[in-house]
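Participant: Residue numbers (my numbering), protein chains in the order written: chain A, 1 to 339; chain B, 1001 to 1364; chain C, 2001 to 2152.
Read the hints as simulated data drawn from the structure, not as lab findings.
Watch out, some of these pointers could steer you wrong.
[What the hints assert, rightly or not] Below are the EDC-like pairs computed for lysine to aspartate or glutamate, each with C-alpha atoms no more than 16 Å apart in a straight line:
no.	chain 1	residue 1	chain 2	residue 2
1	C	Lys2002	B	Glu1297
2	B	Lys1296	C	Asp2030
3	C	Lys2110	B	Glu1045
4	B	Lys1205	C	Asp2045
5	A	Lys155	B	Asp1028
6	C	Lys2048	B	Glu1224
7	B	Lys1046	C	Asp2068
8	B	Lys1341	B	Asp1026
9	B	Lys1263	B	Asp1174
10	C	Lys2094	B	Glu1034
11	C	Lys2021	B	Glu1224
12	A	Lys155	B	Glu1229
13	A	Lys155	B	Asp1026
14	B	Lys1046	C	Asp2105
15	C	Lys2021	B	Asp1026
16	C	Lys2021	B	Glu1206
17	C	Lys2110	B	Glu1049
18	C	Lys2014	C	Asp2068
19	C	Lys2048	B	Glu1229
20	B	Lys1296	C	Glu2036
Given next are the chains, with one letter for each unit.
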Amino acid sequence: MIFQNIITGIETTLGFTTVNPIINYAIAALVFGALIMVLITIFDYIFGWIERKLVARIHLRHGPTKTGKYGLLQNAADFIKLFAKENIIPARANRLLFLFSLPIVAAIFAFIVEILPYGAGIYGVDLTLGVLVAFVLISFIPILIFIAGWASGNKFSSISAQRSVLLLISYEIPLFLVIASVGILANSFDFLQIVSAQSSWWFIVLMPLGFVLFFIALIAELERPPFDLREADSELIAGWLTDVGAPLYAISLFIDYTRVFLGSLLVTILFLGGWNGPILPPYVWLGIKVLLVAIFVVVLRATTPRMRLDRILRLGWVWLVPLAIVNLLWAFVLATGII
Amino acid sequence: MGETKINIGPVHPSTHGVLRLVVTLDGDTIRKVEPHIGFLHRGVEKLVETRMYMQSPSYMEKIDYVAPLSYDELYVATIEAALGIAVKERAQYVRLIQLELQRIASHLLWLGTAINDIGQLFSVFMWCFKDRDIVLSLLEEATGGRMFYVNQRLGGLNRDMAPGFDKHAYKALDYLEKRIGEYQEYLESNPIFMERMKKIGVMSKEEAISLGVTGPTLRGSGVEFDVRENYPYYVYEKLNFNTQFENSGDCFARYRVRINEMKESIRLVREALHIIPEGDAIGMPIRLIGPQPKEKEVMVRRELPRGEGMMYMVTEGQRPYRLSIRAPSFINTAILQHLPKGHRLQDLFPILASVDTVMADVDR
Amino acid sequence: MKINSEKLRETLEKMHREGYKYLVKLTAVDYTDRIEVLYFIRNLDNSKEETVRFDLSTKNPHIPTVLDLYLAADWYERELSEMFGIKIDGRNAKRLLLEKWDGKDPPMRKSFIWSKPYEGMKDAVKWAEKYKDDKDKKDGGQNVIRIGKPLK
């Protein structure tokens, strides 16, 4: 109800009631959007720090230690450095698309985070088809990545963008099938209903195969190792991000970390019981679970090598899709209450 | 799409040094690879002709900067053969120990960079460098230098092993053996590495012999040839050296040969430390005008970590008239024209990594 | 073994049939009145090595290619032709190590002058003679350069 609370809050402080509900709505939307961006930025900052220190410890070295007490100010320093540099646009690039495709991708990810709930009473809007809306928005991303890669005007960037698109659209299918099975188990596509359906048993216990498939497909959608073709340093330098200048690179790092935030939230809400937990308040439980999933993603990065593209596609089509169909049947069986 | 040419340029994170490959692709399949070398050519063979004998070991070390001690020793052995100087007995054991330690360090660096190229697994790279650091501190204790050790003198060494060296060496060797076992276990149970290394870059036995490759690249194709066994030098015969070779001829076989060589080197160092005799290992100090050469031309072979190195020297007074260096990486890089044909572009990097070239060795 | 330069191909073919299938190195030495080319070949079955050498005149030297017998000769012949100026009959041996160099003289010949010698060190023997009567006469008057202090 936060959105509604913001509207009533604005109305009481500013004094005018229903003179023009559209303006109230617009101001409330802006304030809510700003709050969500602050939350995302805080998570990205902390996640960036965790990633650098944890990966460094696995490599038997320290991470950043000089900036701030334990290297805590490193991300702020990087942010300032990246935005202070010049934005170089290659001569063969299409100016408008090059400049705007990455911020639009960032905006879409932030938009998806806005429709997710964070607690029993803490949410923006309560959509009955929340899960579907989230994944329809996710499926816009491959087109935008292709546009970003093509707009660089560089042969290697467009090849790499094509490879990314191939990866993303192949792994959307098992993802959607598993979501469909979650929806069948919880009997609705509403996020709040899914979480309250897990108050007795978490879905990871009822549907472990589904959890594994969802996690693998999610890592591919997030483009993290072992599926990170984009950052193949030793092959095509930096993929479709080769030509971006420093400020746009900062936005692409933002996209990277926001994707991890989004993925961890989805895994927590859909499979790990959301904010259900015994003693502590709900948002603390949510925070703990999201951080645990994020730490697991980081450890996965430091300990697995990268797969070749044709093996990744083989994994997606030959193994994940049939198993996802099996999972769907299992969800049917559970939902009818036979077991 | 027709055929496209891409340039994997001299500045690239995965070519070990400056190597330029012009690859002709048809879709994703490689049709032709042309290596262009010569970016690091310093004319060592001509440079040595203007210096006295013992003014040049420093040049020889910079030919292979990953395993400098082996080239240094090869050059000094060539001069000793030309001047007719015998190596003292304890010095033979100490030289063998240093050579095998250098081989372990070189193969560890190869392992780290190869795994980084194949799978972008930076963790193994970092761990291998930490282990290599332990070997380098052992060598620093023995010679005084970590990377470039001008330690070999005519007939022996500059300084002998310090008294506490064998205790440190035994501890370090136990640790290394455990770590190498862990790397092997981890890499061979990981299906991602296995599928990127097996059946890639297969070279049959006749092809390998005709192409003239050396070292683990040759031994990975089923040829049982190692200079330490077929033309033994120092005390390798006494220590029962066994050649490690594999039969399949793909990248996995070459990786296996190097891991087994590392284990064999650890065993050799341990045994040499057990049976090393007491005595004197100091060689002649460096003089500008030394003894006169007894032979007109001389040829010496050694097993460097990358393959078989050979030096052929024609002497004239106090300086070499002509020094011809056979660098193993030179001929190992030439097979890049033949091996990757028909593979995908992503398979070029495991092939390049498994051949283990150092560009300074190629260009001299 | 020393042969005549016309008999190169038949000698190498005979050795190839006998089992000497591995070419170790192909190099040359420039004695100023002749160029001597050496082929080091090895039989891997019984570890025997053989050196085939012959002389060429310094004016217009040329050798036939052995690329059909030994594939390793590819890069060795290219390097030999650019460093010594020896023409290879039967193939177009492009430059290998000095691709973009526009000089005319082959570098490894003795006639190639690459820098003026430093006046003070023209001949090291004369320089050593100059400092012979120094105060440090522990080694019988010869000049000794110690690099690093030996322990004994």
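Participant: Give a verdict on every hint.
Facilitator: Here's how the hints hold up against the structure:
{"no.": "1", "hint": "C:Lys2002 / B:Glu1297", "result": "holds (15 Å)"}
{"no.": "2", "hint": "B:Lys1296 / C:Asp2030", "result": "holds (15 Å)"}
{"no.": "3", "hint": "C:Lys2110 / B:Glu1045", "result": "holds (12 Å)"}
{"no.": "4", "hint": "B:Lys1205 / C:Asp2045", "result": "holds (13 Å)"}
{"no.": "5", "hint": "A:Lys155 / B:Asp1028", "result": "holds (14 Å)"}
{"no.": "6", "hint": "C:Lys2048 / B:Glu1224", "result": "holds (14 Å)"}
{"no.": "7", "hint": "B:Lys1046 / C:Asp2068", "result": "violated (30 Å)"}
{"no.": "8", "hint": "B:Lys1341 / B:Asp1026", "result": "holds (11 Å)"}
{"no.": "9", "hint": "B:Lys1263 / B:Asp1174", "result": "holds (11 Å)"}
{"no.": "10", "hint": "C:Lys2094 / B:Glu1034", "result": "holds (12 Å)"}
{"no.": "11", "hint": "C:Lys2021 / B:Glu1224", "result": "holds (15 Å)"}
{"no.": "12", "hint": "A:Lys155 / B:Glu1229", "result": "violated (51 Å)"}
{"no.": "13", "hint": "A:Lys155 / B:Asp1026", "result": "holds (15 Å)"}
{"no.": "14", "hint": "B:Lys1046 / C:Asp2105", "result": "holds (14 Å)"}
{"no.": "15", "hint": "C:Lys2021 / B:Asp1026", "result": "violated (34 Å)"}
{"no.": "16", "hint": "C:Lys2021 / B:Glu1206", "result": "holds (9 Å)"}
{"no.": "17", "hint": "C:Lys2110 / B:Glu1049", "result": "holds (10 Å)"}
{"no.": "18", "hint": "C:Lys2014 / C:Asp2068", "result": "holds (14 Å)"}
{"no.": "19", "hint": "C:Lys2048 / B:Glu1229", "result": "holds (13 Å)"}
{"no.": "20", "hint": "B:Lys1296 / C:Glu2036", "result": "holds (14 Å)"}
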